[in-house]
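Chain order of the listed sequences is A and B. So the mapping is simple: my numbering equals the position in the first sequence, first residue as 1, plus 1. Heads up: the second sequence at position 175 corresponds to 162 in my numbering, and the numbers run straight through without jumps.
It should be emphasised that the hints constitute simulated quantities derived from the structure, not laboratory data. If you're wondering where the values come from, they're calculated on a predicted model, not measured in any experiment. Take the hints with a grain of salt, since some may be wrong.
[What the hints assert, rightly or not] Derived EDC-like pairs: lysine to aspartate or glutamate, alpha-carbon spacing no greater than 16 Å straight-line:
| no. | chain 1 | residue 1 | chain 2 | residue 2 |
| --- | --- | --- | --- | --- |
| 1 | A | K71 | B | E167 |
| 2 | B | K131 | A | D77 |
| 3 | B | K(-7) | A | D77 |
[As the list claims (entries may be wrong)] Distance ranges between label pairs, derived from CB positions:
| no. | chain 1 | residue 1 | chain 2 | residue 2 | range |
| --- | --- | --- | --- | --- | --- |
| 4 | A | W252 | B | V(-5) | 49 to 59 Å |
| 5 | B | E127 | A | A152 | 39 to 49 Å |
| 6 | B | V(-5) | A | E251 | 46 to 56 Å |
| 7 | A | D237 | B | E127 | 42 to 52 Å |
| 8 | A | Q233 | B | R28 | 45 to 55 Å |
| 9 | B | T157 | A | W252 | 19 to 29 Å |
Think of the CB as a built atom: it goes at the ideal place given N, C-alpha and C, for glycine as much as any other residue.
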Amino acid sequence: MSDAVPATPAAPTAVPAEARRVETQQDLDAEIKALGDAYARALKDGAAPETQPRLDFPPYRSSLLRHPTKSLHHADPETIELYSPAFGHQDVHELESDLTIQHNGEPLGERIIVQGKVLDGDGRPVAGQLVEIWQANSSGRYIHKRDQHPAPLDPNFTGVGRCITGPDGSYRFVTIKPGAYPWKNHLNAWRPAHIHFSLFGQEFTQRIVTQMYFPGDQLFPLDPIYQSIVDQDARDRLVATYDHDLTQPEWALGYNWDIILTGSKRTWTENEALGAEGDDHE
Amino acid sequence: MSNSTKLVPTPGQTVGPFYGYALPYNKDRELLAPGSPGSIRLQGTVYDGAGHPVPDAILEIWQPDSEGNIVHRTGSLVRDGYTFTGFGRSAVGNTGVYTFTTVNPGPTEPGAAAFISVAVFARGLMNRLFTRVYLPENDEALAKDPLLSSLDPERRKTLIARRDADGGLTWDIRLQGEGETVFLDFEGTGTGGAAQ
């Protein structure tokens, strides 16, 4: 197996040195293309589109030992799973949605506004729920001891933000456009620029962690993580839209990205559309 | 009941290795303060398909209180040490071990089997996995639980915790291979992150 977990956590994305020598981007491209072609043929033969990433996507080496081999077992959600934890403004300070003001000076890079709505599969806004983001700085470096990419750390940028969605499901962050960065999946592996998003719905079954990408990135076809979603329409759902109306003169570029959670399985009442915000006043 | 999903859900992606300074937070794994009356430790190890501990996984739990009430209280991120919110998050350590301080969940319906709902995230895992950890007591309730009774005995065992001598619970997660934990698909679409 080419991606045994290292005995020490010093290099979490490392594959053994031997594999690293022989596996190039070209090798990975061929694997990704073969899987994509097979999917295209299956679609043509009437298979249903795949809307989620494959848990077993061999070009992403780290998935080899970390995907269940048995089909996920269908279960009807029980009562507790039909509700979500409540988060309120006591949990998250309003300033946490601005990643550019967490230190004494201005972070380096392109300031951006990222905003959108969190909706459920029936189009209803997910109000009063927690959104968490994290990302690399403009040089493609995380402030994490295991990230040894020799790009500069930015003393004025940590890359962590949180907010609570508004009554219309909206979220908004001010941050810095993250840089692409190398990782060790194979020789010359680079991740497209992305922001990690963690989202809760009104039910625990809607919980999701995903990544938002930026339009027009040349690294998309090369990235096994992005390509683990074999369907182009599904992949496109992870790419934000540049929005010049959201862009602010002399200050920041604007991107829009809406996030759709799964459909609700619980019968809703009108009160729930207000979310958990009221809990702050208990 | 609404089964007519109109919008296609956004795909998931791996949590990656570097969530470490974003998702963990102070007292994230303490649903109540250790040593509080009624508190128990829930612990275990996350393993990959080679039987190695996974050092860069992160788990979340969501559960009713000991009476089976589903709480709607804020304060999971900024804990006051007294309010039970039902939610916890534990990054696994270098040895693959996670720990929560919580309470035994009560049954949400009379006679139902009590369990804690779990979401699993990890580097290398392309989408979160849902599962459940059941309390080992109350054989009658376990026997009639709809999920457990739909599983063969070997797989069923993966969802039931062991009761420790100190009153705590031990429950390991195996992402792959022998004793692979049962992971759940609530959508019934077969594409909710199904293994390929």
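Against the structure, the hints:
With a C-alpha separation of about 8 Å, the suggested pairing of K71 of chain A with E167 of chain B holds against the 16 Å cut-off. The straight-line distance between the Cα atoms of K131 of chain B and D77 of chain A is roughly 15 Å, inside the 16 Å bound, and the hint therefore holds. Taken as a hint, the K(-7) of chain B and D77 of chain A pair is broken in the structure, with Cα atoms around 20 Å apart against an allowance of 16 Å. The beta-carbon spacing between W252 of chain A and V(-5) of chain B, approximately 34 Å, falls outside the hinted interval of 49 to 59 Å.
Against the hinted window of 39 to 49 Å, the Cβ-Cβ separation of E127 of chain B and A152 of chain A comes to about 59 Å, which falls outside the hint. At about 38 Å, the beta-carbon gap between V(-5) of chain B and E251 of chain A misses the expected band of 46 to 56 Å. About 50 Å separates the C-beta atoms of D237 of chain A and E127 of chain B, a value consistent with the hinted range of 42 to 52 Å. Restraint check, Q233 of chain A to R28 of chain B: a C-beta distance of roughly 46 Å satisfies the suggested window 45 to 55 Å.
At about 53 Å, the CB distance of T157 of chain B to W252 of chain A disagrees with the hint of 19 to 29 Å.
Hint violations for this structure: numbers 3, 4, 5, 6, 9, all remaining hints satisfied.
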